[in-house]
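Q: Quick mapping for you: the protein sequence lines, in order, are chains A and B.
273 is the number that this note's numbering gives to position 273 of the first sequence; each next residue is one higher, with no gaps.
495 is the number that this note's numbering gives to position 157 of the second sequence; each next residue is one higher, with no gaps.
It is worth saying that the hints were derived from the structure and are not from the lab.
We put the CB at the ideal spot given by N, CA and C, even for glycine.
Be careful, since some hints might not be right.
Said to hold, decoys possible - Taking beta-carbon pairs under 7 Å as the criterion, some of the chain B residues facing chain A (in silico):
no.: 1; residue: Thr679
no.: 2; residue: Ser683
no.: 3; residue: Ala727
no.: 4; residue: Gly1073
no.: 5; residue: Arg1075
Said to hold, decoys possible - Covered stretches of chain B (in silico footprint by chain A; criterion: 3 or more residues with CB under 8 Å from a CB of chain A, positions within the stretch not fixed):
no.: 6; region: 417-431
no.: 7; region: 623-634
no.: 8; region: 657-669
no.: 9; region: 688-695
no.: 10; region: 701-713
no.: 11; region: 733-746
no.: 12; region: 840-848
Okay, here's what each chain looks like letter by letter:
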Amino acid sequence: MSRWLGLPGYAGLGLLLAGCGGQQSILGASSPAASHIESLWWISLASTGVLSTLVFLALGYAVIQARRAAMEERAEDADHGGEGRVILIVGALIPTVFLVGFLTLAVRTGSVVSAPDETPERTIEVIGHMFWWEIRYPDAGVVTANELRIPVGEPVAIHVSSADVIHSFWVPQLGPGKIDMVPGRTNVTWLLADEPGEYRGQCTEFCGVQHALMSLLVIASPPEEFEAWLERRTDPPPVPTDVERRRGLFLFSDRGCDACHAIADVAPAEGMGMAGPNLDDLASRRTLGALRVENTPENLAQWIANPHDFKPGVRMPATELEDEDLEALVSYLRGLEP
Amino acid sequence: VSDRVRGAVRLDDERERSLGEHLSSVWAPPPGALGFFTAVNHRVVGLRFMVTAFVFFLLAGLLAVAVRLQLSLPLLDVLSPEAYNQAFTMHGSTMMFLFVIPFLEGLAIYLVPLMIGAREMAFPRLNAFGYWVFLVAGVGLYVAYLSGHAPDAGWYNYPPLSGPGYSPGPNVDFWVVLITFLEVSALVAAVEIVVTILKQRAPGMSLTRMPVFVWAMLITALMIVFAMPALILTSTMLGLDRMMGTHFFNVAAGGDPFLWQHLFWFFGHPDVYILLLPGIGAISMIIPTFARRPLAGYTLVVASMVILGMLSFGVWVHHMYTVGLALVGLNFFAAASMLITIPSSIQIIAWITTIWKGRIEVMTTAMLFALAFIVLFILGGITGIMIAAVPFNWQVHDTHFIVAHFHYTMVGGTIFPIFAAIYYWFPKMTGRVLDERLGRWHFWLFLVGFNVTFLLMHVTGLEGMPRRTYTYLPDLGWSALNMISTVGTFIMGAGVFVLLWNVWWSWRVGPVAPPSPWHGRTLEWTTTSPPANYNFLHVPLVGARGSSGEADRGDAADDGGDRPRWLQALSEGRGGRRENIVTDVLAAEPEGRVVLPKPSPWPFWTAMALSIAFVGALWTPYLVPVGLALTFVALVGWHWPSGTGAPDEPADDELTDRLTGLKAPIVWGVVLLVAIEGTVLALLVMSAFYLRLGAEAWPPQGMATPELATSTLRQGLLVASALPAWMGVRGFLRGDRRRFLLGLAVGLVLAGGYLVLGGFEYTDRAHGWDTHVFGSLDWLMGVYAAFHVVVLMLAAATLGSFVHRGARGAGYLPAAQGLLVYWVFVALGSVLLHGAWHFLARW
Chain A
1 MSRWLGLPGY AGLGLLLAGC GGQQSILGAS SPAASHIESL WWISLASTGV
51 LSTLVFLALG YAVIQARRAA MEERAEDADH GGEGRVILIV GALIPTVFLV
101 GFLTLAVRTG SVVSAPDETP ERTIEVIGHM FWWEIRYPDA GVVTANELRI
151 PVGEPVAIHV SSADVIHSFW VPQLGPGKID MVPGRTNVTW LLADEPGEYR
201 GQCTEFCGVQ HALMSLLVIA SPPEEFEAWL ERRTDPPPVP TDVERRRGLF
251 LFSDRGCDAC HAIADVAPAE GMGMAGPNLD DLASRRTLGA LRVENTPENL
301 AQWIANPHDF KPGVRMPATE LEDEDLEALV SYLRGLEP
Chain B
339 VSDRVRGAVR LDDERERSLG EHLSSVWAPP PGALGFFTAV NHRVVGLRFM
389 VTAFVFFLLA GLLAVAVRLQ LSLPLLDVLS PEAYNQAFTM HGSTMMFLFV
439 IPFLEGLAIY LVPLMIGARE MAFPRLNAFG YWVFLVAGVG LYVAYLSGHA
489 PDAGWYNYPP LSGPGYSPGP NVDFWVVLIT FLEVSALVAA VEIVVTILKQ
539 RAPGMSLTRM PVFVWAMLIT ALMIVFAMPA LILTSTMLGL DRMMGTHFFN
589 VAAGGDPFLW QHLFWFFGHP DVYILLLPGI GAISMIIPTF ARRPLAGYTL
639 VVASMVILGM LSFGVWVHHM YTVGLALVGL NFFAAASMLI TIPSSIQIIA
689 WITTIWKGRI EVMTTAMLFA LAFIVLFILG GITGIMIAAV PFNWQVHDTH
739 FIVAHFHYTM VGGTIFPIFA AIYYWFPKMT GRVLDERLGR WHFWLFLVGF
789 NVTFLLMHVT GLEGMPRRTY TYLPDLGWSA LNMISTVGTF IMGAGVFVLL
839 WNVWWSWRVG PVAPPSPWHG RTLEWTTTSP PANYNFLHVP LVGARGSSGE
889 ADRGDAADDG GDRPRWLQAL SEGRGGRREN IVTDVLAAEP EGRVVLPKPS
939 PWPFWTAMAL SIAFVGALWT PYLVPVGLAL TFVALVGWHW PSGTGAPDEP
989 ADDELTDRLT GLKAPIVWGV VLLVAIEGTV LALLVMSAFY LRLGAEAWPP
1039 QGMATPELAT STLRQGLLVA SALPAWMGVR GFLRGDRRRF LLGLAVGLVL
1089 AGGYLVLGGF EYTDRAHGWD THVFGSLDWL MGVYAAFHVV VLMLAAATLG
1139 SFVHRGARGA GYLPAAQGLL VYWVFVALGS VLLHGAWHFL ARW
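Bound conformation, chain A alone:
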């Protein structure tokens, strides 16, 4: 009967959830805020589970009772007095008591997770673009894309905004949840990683054709490692010396790559080089296309030739290049490492 379906459902759900915790899982919290919210989930699952099971049992019993009454041909109970009182007590009083408790917990959790205990010393700006993330370390003057590096063990303030449509910034394991990236506004959230490692983020406001593959890699490393990386990144990328790479650099402007992509010393005139990710540290990035594929020379070449193979509909156009030109360009780009 339908009334029993809820129960194995819960059991199954509980068992399944126990084994969760992937790289983008709400149930794999690696920060104080995410852990608080994870506990809130378990408490609400348990409490509503108990309450609704009681209601299901009552419904099941009612049906059995009504079937039996029909089989025994019991007469209709004409006395309906007191039913209203029962309905009010069970239907209004019990949920009210539960809701007061649950709302209190929710409000407290909300204020605990909405801001870190200590004021963050570092601010990182993340700007949403269709369909990638621009990441700025304003104090150090460093710009990168799609890979957000943070130091472990300290809260980091994240200021988000958007260059085009509304996106939403979400790193489930490290933050207090999502914050929308809205053009014309700056919203503030924070991240804190308990452990060094790689975490996944994802755009969670539908932003167009490639919303699905707009992911973010968060790399949490020990503070000294992070500082060293930031320090390295303040230097411009090395100027190519060998012939092939120099030709790659030439092609980079000749073929108009620099209309959208900035590379420190190559950055073209004002207003250009803003539409696509900054490529200063391209060679050191783990992935291409906001986590779409691993950053290998082959994938990079294919991406340049036709990014739509990986992400149909992205704004970067396919580029027709002779094989050797493509090789030169890839070779130049592969040298961009701080």
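Place chain B on chain A using the hints.
A: Relative to the frame of chain A, chain B by itself:
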């Protein structure tokens, strides 16, 4: 029922039969192909709504299958990203706008008159008009889909993504134009349902004796009246942004994308309860019938529905927890959202109590769907409580957890009741009972398939899978969960196929249904299955509450019993007129009778003309005035005096034909129209305040403060114009037709002055609507007011010319009163817009 019921005549069987034949010919839907376009009968229109909506349900279901196939494994290529975005946008838009609301409205249009003992809805032609509008809008959306230009920015269309900059193609235009058009249909049906319920209940059916389904539809229709205007306003703004270059949502020119979100969800959240309440009403009819006892806690259930309806207007921000608003405000909305649990659980406990103390003799398919509804509604409700908690929502917002949650509420809360309703009322509508064995197959396949699809989807969401994504990468561990969901979709689909087969088979050769196959005790079961053209041979008298199964059947179906003389006269269809009794709002005491219009092709033509205005906007804005002009012509044809109006000669009984003021259904219709337009107006004023508060300078730098004198002068003219109109209507009430015409003429001249001065004022404007959102607002408010004055003047001139021709004499009195109500609204509305605008500019 009052004294008037006493004093009766008795009829013999022969007289009954000839009366039935006569009434049947009076109320017969027109025959033939031409008749197809002219029919106005509520049961014809209601069935059309339901059948058409169900076709859209099947289409949306196919889209869901395509979506699930694409997601069954990572990086599949079943749908391109563009095709996927169109598919989920169309799936959501279709289910929300083209299936659930029209289907439930169709159900109400079919059932409400039968449940309240009426022969017809209050405005039959409006009913037919609403159907044609729905058909054009729905078909238009699918023509767009087949042409490859389906909307693709989600059913909620957030700008700037849906704005001209990021969705330059015609795709979103189709959504904006057709969904706005469709809301016209939803709104006319709502007005119709409210007025029918309030004014055309059988004598004795006081509000406290009304069946719960009728209560649910009354509340739902009132919610539509106050919620849909927000959608109409905001989609109009988006359409103007896209087609006329205004800046309501353009950050660069002072607009604000959050304005869209507030207005959309101010409609969108009540909309969820608009979808839910009719189902709650239907379940509250079905459970008592099969539990063989009245609904426990009738008053509590009705009160809970009223409270749900009201609360649903105060929770829209819970769709916006992540946009960056202050936490204090969010907690307020969290509390309001959680409050919804209380009326919901009161209803659930009332149903359980009803069953507990009842006797289920047969476990019918309808009852199975009703029981499953309770379970799924609870499951959807508890995840609803969870996501009302702000921090948990921050995590699961826009993940598959939400997809699972709202499918439990929407499928569990509306589609399961719809299926229950189909099994329950199919015999009444077709005269055949649906097959129970197939019904069980349908039930179990759909229930199992539904849970396979959506139960584990909660986990998919908790594992971090976002919504509205056409694919995902293999290493995220979501593949197995997604595959299970896809398999479930096919099981659900199989269930729907069984239903289709069952309907097709049973309609042709199923067992013939008696008048009351389930021993239901409300009025619709007292007439034949399917009902005769006239629904009830005699207007029923209600002695006790029908809803809880206590309809006093001796009173309700006493064919040939003692009848009051006035009621008898009403039953006879004098002069071939379609008449219905009119009763008062609270106690349903008889007040008089109305003559309802006969079939007409004009509702069809009006819908076509209005389609030119709306659909034409897709090509060029210039088609809008053309379409509106044609609409006016069609409306004149619609209202052209025919010979079937109320008779001028006094009737030979005690029931008056001369209903005025709030006794007249048409005045209620106008009051509801004013409620709709007043809501649009109020939201427009609030939007102006919102945009002004978000602006640094107002007027923005370089733009002039609008000049006050001319504007105030013309407001004065408009207010003054209502005065002669009022005096004219007062004269008309005393029978002085010339005085009425004179009043209208003077009023028209003054209102014309308003328009002329307005023309001067706006041609003087240094800014256009495309300079800044300041200009966009200025023009929209000015045009909104002026458009209403034009409509008012056309209506006044038309009514005046009809009265001048003398076609119906005093029959136009309630129309004149309605016109006056509208006149006062237009004048005050213009003053409010004007006052708010100048206040903001100088504040």
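Q: Could you run down the list of hints and mark each one as holding or not?
A: Status of each hint after checking the structure:
1. Thr679: holds, 5 Å
2. Ser683: Check passed: Cβ of B/Ser683 comes within 5 Å of chain A, closer than 7 Å.
3. Ala727: holds, 3 Å
4. Gly1073: violated, 52 Å
5. Arg1075: violated, 55 Å
6. 417-431: holds (count 4)
7. 623-634: Since 5 is at least three, the answer is holds.
8. 657-669: Coverage by chain A holds for the region 657-669 of chain B (6 residues, Cβ < 8 Å).
9. 688-695: holds (count 6)
10. 701-713: Three-residue rule met by the region 701-713 of chain B, so holds; n is 6.
11. 733-746: Per the Cβ count (5), the hint holds.
12. 840-848: With 0 residues closer than 8 Å to chain A, the region 840-848 of chain B misses the three-residue bar; violated.
In this structure, the hints that do not hold are numbers 4, 5, 12, in rising order.
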